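J.: Starting from the known structure of chain E, arrange chain Y on it as the hints suggest.
Protein chains: 2
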Amino acid sequence: MAADGGAATLSPAGISNSRLDENIENKVKESHRIDSLNLLIFLILLTMTVLTIWLFKHRRLRFVHETGLGILYGLIVGVIIRYTSTTEQKLWQNFTLPEESPFNFSHPPDNIHLEVSLFSDMANKTQLITQEYLYSFKGLVYNAESTEIEDKATFDPEIFFNVLLPPIIFHAGYSMKRRHFFRNFGAIVTFAFLGTAVSCMIVGGILYGFTRLMVTYSSLWKQWGLTNFGLTDCLFFGALISATDPVTILAIFHDLNVDVDLYALVFGESVLNDAVAIVLAGAVEKYSDVRATGISDAVDYKAVLESLGNFLGIFCGAFAIGSFMGCITALLTKYTQIRDYPLLETTLFFLMSYSTFLTAESLSLTGIVAVLFCGICQAHYTYNNLSQESKVRTKQLFELLNFLAENFVFIYIGVAIFTFNRHRWDPGFIFAALLAIIVGRGLNVYPLSFLLNLGRKNKIPMNFQHMMMFSGLRGAIAFALAIRNTLTPARELMFTTTLLIVILTVILCGGFTTQMLQWLRIRVGVEDESEAQNFQAVRSAINKQKRYQTMSDAQSNGASNQGGDTGDAIATASGQSNLNMTTSPTDAAPPPMRIQESEKAWLVMKWYKFDQKFMKPLLTHARPPLTETLPACCGRFAMFLTTEQQLAQAEPGRSDDSDEDMIIDENELTYGADNNSEILDGETGRKGTLESMIDDGDLGLGVDRRDHRMQPTRILIPGIGGDDV
Amino acid sequence: MAADGGAATLSPAGISNSRLDENIENKVKESHRIDSLNLLIFLILLTMTVLTIWLFKHRRLRFVHETGLGILYGLIVGVIIRYTSTTEQKLWQNFTLPEESPFNFSHPPDNIHLEVSLFSDMANKTQLITQEYLYSFKGLVYNAESTEIEDKATFDPEIFFNVLLPPIIFHAGYSMKRRHFFRNFGAIVTFAFLGTAVSCMIVGGILYGFTRLMVTYSSLWKQWGLTNFGLTDCLFFGALISATDPVTILAIFHDLNVDVDLYALVFGESVLNDAVAIVLAGAVEKYSDVRATGISDAVDYKAVLESLGNFLGIFCGAFAIGSFMGCITALLTKYTQIRDYPLLETTLFFLMSYSTFLTAESLSLTGIVAVLFCGICQAHYTYNNLSQESKVRTKQLFELLNFLAENFVFIYIGVAIFTFNRHRWDPGFIFAALLAIIVGRGLNVYPLSFLLNLGRKNKIPMNFQHMMMFSGLRGAIAFALAIRNTLTPARELMFTTTLLIVILTVILCGGFTTQMLQWLRIRVGVEDESEAQNFQAVRSAINKQKRYQTMSDAQSNGASNQGGDTGDAIATASGQSNLNMTTSPTDAAPPPMRIQESEKAWLVMKWYKFDQKFMKPLLTHARPPLTETLPACCGRFAMFLTTEQQLAQAEPGRSDDSDEDMIIDENELTYGADNNSEILDGETGRKGTLESMIDDGDLGLGVDRRDHRMQPTRILIPGIGGDDV
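Residue numbers (full-length UniProt numbering), protein chains in the order written: chain E, 1 to 725; chain Y, 1 to 725.
Simulated from the structure, these hints should not be mistaken for laboratory data.
Small disclaimer: the values here were computed from a predicted structure and weren't measured.
We put the CB at the ideal spot given by N, CA and C, even for glycine.
Just to be clear, a hint being listed does not mean it is correct.
As the list claims (entries may be wrong) - Selected chain E positions facing chain Y (in silico; Cβ < 7 Å): (1) L43; (2) H58; (3) N94; (4) T96; (5) I112; (6) V116; (7) Y135; (8) F137; (9) F185; (10) Y335; (11) L401; (12) N458; (13) T627; (14) T629; (15) L630.
Bound-form chain E, shown alone (with noise of 0.2 Å):
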């Protein structure tokens, strides 16, 4: 043994160097020891603020909000690990580019082979031989100071892009109450699109003047080398900073039952305008790209055209990338029978909402609308056709993963003030920031609410327009925009800035939102009308789906028809629970706001009428069927694309569909000033102060109650297993 061992290391041609292979192999062991231990801080700052959250509900309070609580305990920790953490340096060698390399003058190259000579026994020094390795581009050098676990606890940017935002955005589409989105729909795409693009101008105009300003006169810009800051960088700058957040404030919206028009312009606002900001800084940036033939800060009017021809082939791009998966999806869970396999049906929902976030991607458009729009979708079809438990699984899931990517964006945002080794702090920068953000946000809300009054029956008073004024928090999608590229001083200076800003408002906005909604008497506790129906849509969805369900008829029948009576109890009761409710009744009300029919705008209406005849039969199993509503010359196309379940189907139309988003009924509940004295106060009501209703609700998790009423509450049925004998 000893002699083939000798042999081992001695053959002439063997580069023995085992010991090399062990450096190797303890590099790679420390390096994953470090980054479990990276992660692992920031599950237990999560861990943290689960329980932290759990205790404020618990004992009733509300100091701060829980995305303020992440960005705290993230704060916390960041300190902890600047402060603490071992100062053992990297060890780097210095290498210039020779002269004659193809790669000076132009860009520097991808990888760096390096030959490094060793000796192949290290107690006797001999056999010299030579290893290459390999060495792969990373970015700018900055500071070569940074010590390792600082370097860790900052993540590679991607991932805030392609797996934290998706759920986020995903789960904002799927679970969007589209019956008050599509009744303010007009309002919503005008602050989306125009809001957004007024937001940018004059944020970014503002910080031109500024950055002027600062350029001709500050030293310390001129050693950041920041003297090429131009007015594409402020435009840039003003399109990630325009996106605002929904989290913190809808949560607060939510427990309280804010008004739903003003929950409907708040939500619609923010989740679209993300997405008008991400492809509002693309196209930004593509302009910078087309203008930099000429350096000059002078407006170059073609490159403004290409780009907005840019913007707009973007946003369309992903809008159509994002609904053709969703109907795939729907088509896909309508023709097989997948829903016998709940498990398979989850998975495939799932992995096609995740596909449409990666083709977009691929295909250089903006995954996160697509996203947004899948989830649409999603909601609008797909939901329909799916198993009663896959319904609750994909919700349910959903919403754990939008918690988790949340809470983590907060924290990392916390900590990263601290780890981020590369900032730029400029206090004339960020106070300039917060400035334009300001008058930003105040020339869109009001100028834009006024001119939309105009046009609109049921105006947006001016207690809504000051509630949106200052609901324009900035979030998890302005920070991953900035955090996506901070290769350059430029974009440096903006991620600091950034980071700052988002503290900030989620903090000081966050903190006061209840405060705000008192003081500016917005009425709180107005029942959902939405969800009596949604209730009757589980029911009629429980009746579908009597003959795919395995459990025994006599069971089935009674379960449904608890579901039957209890759908209508609720039914009844939504009736009476559209109260209003001010912090005191006596107070003068604000403004009713009365919906009608007119109020749709017409294309909406058209949409919706397409939808109803067209879309919904294709794609789900709801009346009317295609038989009917396709000309008679396609009768046998037709056919093939409706399903026996289809046909099948007792009650026509209404009752059958999960999501009558955009049918206002003609018993649409008027509530105003006439119904403004009126407080229920029966057994079940709610009354009291906004207080009570504050520690009544959850403290804002974001859940959507009626996930709550579909939880199992009924779980022994006997032989459903499928395998009983």
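T.: Chain Y in isolation, oriented as in the chain E frame:
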């Protein structure tokens, strides 16, 4: 404006390199696009797998198991990627480490800083500036010809260990049928520890003999620098290849309701031996480190002892951390009222479980082992404290994650055969390895079974032994261990060989399991008696939680009554359901397996009593409370640890528990020769040939059928939302 712009670029101190920034930005974007495309490929493959699985189930086909399907799809796409991808090569630059560098003769530097000379203004080629770029260490250079997409289609190996394996292993622990597991505890531990060690030694030994031949005679091995492929390398390979995979076989066993004891043996062995193999592989590596002062292959007994200590230390450490974190979660869920908020509860559960993995990894222990025992603890204690909603949520969540991760791994195995560009194919080594694992498996199963049978009352019959021999297919763990380090030629050879062995065994053994069961006349269609108990458990859980449920009283009663009936019904049914099924009842039946009280190991009984008296009362709401079991002197302390809920429980002991996994009733069902000829032929009885059994069941999704039963079947309960008026 133009003047300002001009000032910006002409500013003397400005390093105006906007073109350069653009280059970097484009580089980042392109890399992102390829990342997305790459992940998209895998998602599409997963989607195709899901759809094909559904189709197979639907059409009742059964050519190949789902894991085999994943591999096949992976192989196809791997071929496509390999032979169609553009050959756009990465650009690199060669450097030689200067002689005076401190890194020469020791190890390569972690980072390289590269100075590049560039023109600040590309158009005019003026103003030479230098930029410093960062490059980070990647590993040895092997094949400079690899294209970008191929490079990307190989993921970071750490992903497998940190993202994909934990949910698979946790799910195995969390969904383990502990009742049968503990009933066969002695045999399982023997197979897992002793068996894996035996297998590792034998495979290592055979391959060592083979490699001595190759090292001496093979010119290819000399050319590859494999002359130092020594005993520890062989043992390392022996350890990694000894991890048998539970996925494929068990899915089939589950579908066919194969004999519970065989199921428990195969499941328990494969789950525990994953853990053992991982730690064993680490210990062998450690041994080679310690022993490295002497290069000879002579066994260094001190080093052996040291690495044995290392093995035990790591295993026990990981076990301790897993159990500790599981208990912490149980305490958190018991003593907080977090169950009132199921989303928070599920999040906490998820975070604690993944933290377990990371904690163990951060301490240089084995996360996989920790997460396995954490899963068992979570199921044993925490599960009882969870709200009904979270019970369902956590089960479903980990089921989904497990399904996705498993299929991803198998698809990746298929793809990697073609896209991994540092394969070392040596047919001789592959053949020797295959032979070695067959011999190793044989010398593991048969002698150990013989020894175990000497002490067992319910002998392990020969057909079970043959089946265990056949069940030794290799999967995700072996793959993950092999891919974790492919930095040296020896490791590359191991990786390639492992990949092939996994593919061969999964496709061959997986495909012929059903035939093998039939051929060995192993009973299938055995109703699992533990399910009845699970149902009782759920019922009592409902009773327990009555006061926490927000449903109206009347309905709650209705539900639990119904639940009660159901539970009883099942309990009764299962009394009759433990029938045997052979393909032809007249054939000679396999020897009976009789389970008796005395079967339980002494240690297991001791632990069981301790668990019932102290652990469960401390960690769950189960009776008897600690106030009764702790000595009087600890009265205050015991009172503090006992919840109101615990004291308020009417029913004592047994039926309150959701996992009476170690109790075996007096009326324990003795299935064996006496029952063998009875085949229940009632209206609900399952009967028929093996083929019909297969067609009836799932095709092997690993779906826990209990989950189906736990699905929400009655959804509409008025007044649960908490905000009804």
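J.: Out of the numbered hints, which ones does the structure contradict?
T.: Those not satisfied are hints 9, 10, 11, 12, 13, 14 and 15.
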